[in-house]
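Spelled out from the first residue to the last, the chains are:
Protein chains: 2
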Amino acid sequence: MTEKKNIAIMGAGLVGSLLSLYLAKRGHKIDLYERRPDMRVTTLDGGRSINLALSDRGWRTLRGIGIEEEVRKVAIPMYGRMMHSESGELTFQPYGKEGQAIYSVSRAGLNMALMNVSEPNDDITYHFSRQVQDVNLKTGEVYLRNNDTESTETIKPDLIFGADGAFSMVRGALQKTERFNYQQSYLEYGYKELTIPATPDGGWALEKNALHIWPRGNYMMIALPNTDGSFTCTLFFPYEGERSFASIKTDTDLLNFFLEVFPDAVPLMPDLAQDYFCNPTGTLVTIKCFPWSYEDKVLLIGDASHAVVPFYGQGMNAGFEDITVLDQMLETFDGDWKGLFKAFEQSRKPNADAIADLAVMNFIEMRDKVADPRFLLRKKIEGKINEQYPDKWIPLYSMVTFTDMPYSHALETGRQQDKIMKKVMKHIQTIEDYNKPEVQQLIEEEIIHKEKLKAYQQSSVSSDK
Amino acid sequence: MTEKKNIAIMGAGLVGSLLSLYLAKRGHKIDLYERRPDMRVTTLDGGRSINLALSDRGWRTLRGIGIEEEVRKVAIPMYGRMMHSESGELTFQPYGKEGQAIYSVSRAGLNMALMNVSEPNDDITYHFSRQVQDVNLKTGEVYLRNNDTESTETIKPDLIFGADGAFSMVRGALQKTERFNYQQSYLEYGYKELTIPATPDGGWALEKNALHIWPRGNYMMIALPNTDGSFTCTLFFPYEGERSFASIKTDTDLLNFFLEVFPDAVPLMPDLAQDYFCNPTGTLVTIKCFPWSYEDKVLLIGDASHAVVPFYGQGMNAGFEDITVLDQMLETFDGDWKGLFKAFEQSRKPNADAIADLAVMNFIEMRDKVADPRFLLRKKIEGKINEQYPDKWIPLYSMVTFTDMPYSHALETGRQQDKIMKKVMKHIQTIEDYNKPEVQQLIEEEIIHKEKLKAYQQSSVSSDK
Chain A
24 MTEKKNIAIM GAGLVGSLLS LYLAKRGHKI DLYERRPDMR VTTLDGGRSI
74 NLALSDRGWR TLRGIGIEEE VRKVAIPMYG RMMHSESGEL TFQPYGKEGQ
124 AIYSVSRAGL NMALMNVSEP NDDITYHFSR QVQDVNLKTG EVYLRNNDTE
174 STETIKPDLI FGADGAFSMV RGALQKTERF NYQQSYLEYG YKELTIPATP
224 DGGWALEKNA LHIWPRGNYM MIALPNTDGS FTCTLFFPYE GERSFASIKT
274 DTDLLNFFLE VFPDAVPLMP DLAQDYFCNP TGTLVTIKCF PWSYEDKVLL
324 IGDASHAVVP FYGQGMNAGF EDITVLDQML ETFDGDWKGL FKAFEQSRKP
374 NADAIADLAV MNFIEMRDKV ADPRFLLRKK IEGKINEQYP DKWIPLYSMV
424 TFTDMPYSHA LETGRQQDKI MKKVMKHIQT IEDYNKPEVQ QLIEEEIIHK
474 EKLKAYQQSS VSSDK
Chain B
24 MTEKKNIAIM GAGLVGSLLS LYLAKRGHKI DLYERRPDMR VTTLDGGRSI
74 NLALSDRGWR TLRGIGIEEE VRKVAIPMYG RMMHSESGEL TFQPYGKEGQ
124 AIYSVSRAGL NMALMNVSEP NDDITYHFSR QVQDVNLKTG EVYLRNNDTE
174 STETIKPDLI FGADGAFSMV RGALQKTERF NYQQSYLEYG YKELTIPATP
224 DGGWALEKNA LHIWPRGNYM MIALPNTDGS FTCTLFFPYE GERSFASIKT
274 DTDLLNFFLE VFPDAVPLMP DLAQDYFCNP TGTLVTIKCF PWSYEDKVLL
324 IGDASHAVVP FYGQGMNAGF EDITVLDQML ETFDGDWKGL FKAFEQSRKP
374 NADAIADLAV MNFIEMRDKV ADPRFLLRKK IEGKINEQYP DKWIPLYSMV
424 TFTDMPYSHA LETGRQQDKI MKKVMKHIQT IEDYNKPEVQ QLIEEEIIHK
474 EKLKAYQQSS VSSDK
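Chains as they are written, first to last, in the working numbering: chain A, 24 to 488; chain B, 24 to 488.
This is chain A alone, in the form it adopts within the complex:
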């Protein structure tokens, strides 16, 4: 029987709140400390959210604690990308097979739902307006500032989980230890939240069940549906350059630019100028670090250990998957917290690195390639291959989004597929070319060759051990 621990989770965001349920289920006593006031009472920081896309990995973790159905009520399925050209022409590209979707949810809505589910639990206590000042790793003490009373508090839990996000203060304490590897990389792009409100009759002004993209080469806008009929739009835009945050200074600059490049969206955005000039410009950062733990005392989880840019829609899903993996390991490492933390970070780190790299790569795909007919044709051909060889060829996007295959494995398989598709596409002008004998033969060869190679690699990996 595991010893019951007093566990402090720093950060009551999505990962912290969900983690509390899993840890409480195993008999521990959980205190959550959150920098911000209770978002169910006080609304803060509007204008900074990118809507979230829940996909299979995230659902699995919600299901594991029995709250999948609860969340599904406030989630809108998006079955594919809807591309908007400059002339307003629409092109739809499904994300996966019939019925496969990613689900638009609002960050605040989901966070509040998780709080509401967990707070009634006797072993879970939320403490709001508590800001981590520092962590003494040797003693395990955490110094908190109570923003309500403006006083300082010290806590000394048995274990500390750092679920305090990309700018984690818990990680800040780890950064002061010897030989801590750390990397923060910013894109030269920022983002701005904009809005398409509901139509007068409360409906959606665009197709509801799609993720809308206005791809424009080195920048883009996206829109995700909300349950109230509105869409949350996000403009991803360079900081500097001819067309950039720096170049748009006045309402007129803004309107001229939007009319030229997003003409079909302008009539749907009555508050464009206000949104654009009043909402803050968000930064886009990738954070990698290692190790994620300190002795048997501290473990970083979610964005605190692996913040990614939002272009694969996997940040939250990766954080939730951390919880699933941790929960499985809790079985094995019963009571051996140090061993658990080491095994967890070793197991998750390659996958965290992989999704970080995939997310940056997907930015280029979304803003640029999805407007290219050859790229869309390639996606269709991949769909055909997937139909013909359903067990042997799952497209990269599907591996990431609709399976729980390790991200690192998906990335590597995607690279192999990319090489094959370069060869295949040399023979393809139209979708019908897929049936040409030389194409069929090439694909068969490549897939069988690939299978063999994979089998060989796996056998050599096992023999390495």
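Mixed in with the good hints there might be a few duds.
Where chains are identical, the list cannot tell them apart; a pair therefore holds if satisfied intra-copy or between any two copies.
Unchecked claim - Within a straight-line C-alpha distance of at most 25 Å, the following computed SDA-like cross-link-like pairs (lysine to any residue) qualify: (1) Lys311 to Phe386; (2) Lys320 to Gly264; (3) Lys272 to Glu318; (4) Lys311 to Tyr209; (5) Lys365 to Arg266; (6) Lys365 to Gly264; (7) Lys199 to Pro314; (8) Lys199 to Phe268; (9) Lys161 to Thr304; (10) Lys402 to Tyr102; (11) Lys199 to Gln156; (12) Lys311 to Met384; (13) Lys445 to Glu468; (14) Lys372 to Met384; (15) Lys199 to Val308; (16) Lys320 to Glu211; (17) Lys311 to Ala377; (18) Lys446 to Met422.
Hints were generated in silico from the structure; no laboratory data involved.
Starting from the structure of chain A, add chain B where the hints point.
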């Protein structure tokens, strides 16, 4: 005529001290602030130095300010690597052509020489025991702790150069700005300084004019000569594992290990146990960041902006080359400090990244590959190609060490060469095979092909601009 500025250089190490001479020559008034006491009076931190290898880039900067000859007096040329096998067999591999060498100098000796040369200058003032606490980037104020008086001082120079090394406090201030890219990566290896003292008659116990290496796969020891007849040895060793800092706990462990793997060195190291157990274990870090400057106020230089691991012997040389590049730009950007800083960081960043990567790669070469006869044969074949095509083929080590070609260009050229050598080596069993017609033909084709490709790439680069 450039306006005369009050310039503060934070850090009076090698780069800071040398930089002061260059800036004073242009009419500025320089104050250097150094955390440690004056090393010419108080000796500190022994047992932590890796001897330095001055090569062409470093010499160029010393020559540019007229102190090359002064330094050459205390430098010992090393014409190649002397490999020591486990059985004590020696193999010599020259670094370059006849007469080409890298020069062993002691860090402290060179630093003191630079201080002695610069301090008499009326426009250069050294302030010791002054520790940077923080920099206010907006106001340009620097808060210093005077370690002698234990009081705090504030200075407000016109310009601040951060030459305060890998753990730069000036960079610490930049790290707090928005969108600062930063990376610190530690190797899983540490290093330990050891000593081979002079022989009783004051001579060198090993060949004086070589860099000695005991390559042992995943670890190694090196030794560089000092002017007093001693050698400074450095053991590069994993922190953890079967053979590691963690596994050697007692004098007996140490002696048994050394007798087994470095048997010819043991009789030369009478203070081995004392050195090993009393000297600190140094860490090996690579630091990358960007930007290197703040407005027209602050510029990072040397290790503060690009700390590298020591395996290419280029850390100091890269820092000195920063000064040469900066000095050239001072001509062009007369008085436009912001423009200068931007141009400098843009120009130097790719080269700093390249030498950082080369240094990590060279660790593998030194500790492992130099013990491989095939690798040594390849080096000899490369030497032959270089003799035959002296303008078209300069080995990577020579490009880095004996030219002032940008590091990034050297790295890229080295990658091309690597591809070619893989093909060539398939036909090579002995050095005589170099003259086989198929080898001669292959090399000619590859070099001509490579030349053409290079010309093509350069023309397409220029047309991109």
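For each hint, the structure was consulted:
{"no.": "1", "hint": "Lys311 to Phe386", "result": "both (18 Å within a copy, 24 Å between copies)"}
{"no.": "2", "hint": "Lys320 to Gly264", "result": "between (47 Å within a copy, 24 Å between copies)"}
{"no.": "3", "hint": "Lys272 to Glu318", "result": "between (51 Å within a copy, 22 Å between copies)"}
{"no.": "4", "hint": "Lys311 to Tyr209", "result": "both (12 Å within a copy, 13 Å between copies)"}
{"no.": "5", "hint": "Lys365 to Arg266", "result": "between (46 Å within a copy, 21 Å between copies)"}
{"no.": "6", "hint": "Lys365 to Gly264", "result": "between (45 Å within a copy, 16 Å between copies)"}
{"no.": "7", "hint": "Lys199 to Pro314", "result": "both (12 Å within a copy, 22 Å between copies)"}
{"no.": "8", "hint": "Lys199 to Phe268", "result": "between (35 Å within a copy, 22 Å between copies)"}
{"no.": "9", "hint": "Lys161 to Thr304", "result": "between (38 Å within a copy, 21 Å between copies)"}
{"no.": "10", "hint": "Lys402 to Tyr102", "result": "within (15 Å within a copy, 57 Å between copies)"}
{"no.": "11", "hint": "Lys199 to Gln156", "result": "both (14 Å within a copy, 16 Å between copies)"}
{"no.": "12", "hint": "Lys311 to Met384", "result": "both (16 Å within a copy, 22 Å between copies)"}
{"no.": "13", "hint": "Lys445 to Glu468", "result": "within (14 Å within a copy, 28 Å between copies)"}
{"no.": "14", "hint": "Lys372 to Met384", "result": "both (19 Å within a copy, 23 Å between copies)"}
{"no.": "15", "hint": "Lys199 to Val308", "result": "both (21 Å within a copy, 14 Å between copies)"}
{"no.": "16", "hint": "Lys320 to Glu211", "result": "between (37 Å within a copy, 23 Å between copies)"}
{"no.": "17", "hint": "Lys311 to Ala377", "result": "both (11 Å within a copy, 21 Å between copies)"}
{"no.": "18", "hint": "Lys446 to Met422", "result": "within (21 Å within a copy, 37 Å between copies)"}
In the structure shown, no violation is registered for any of the earlier numbered hints.
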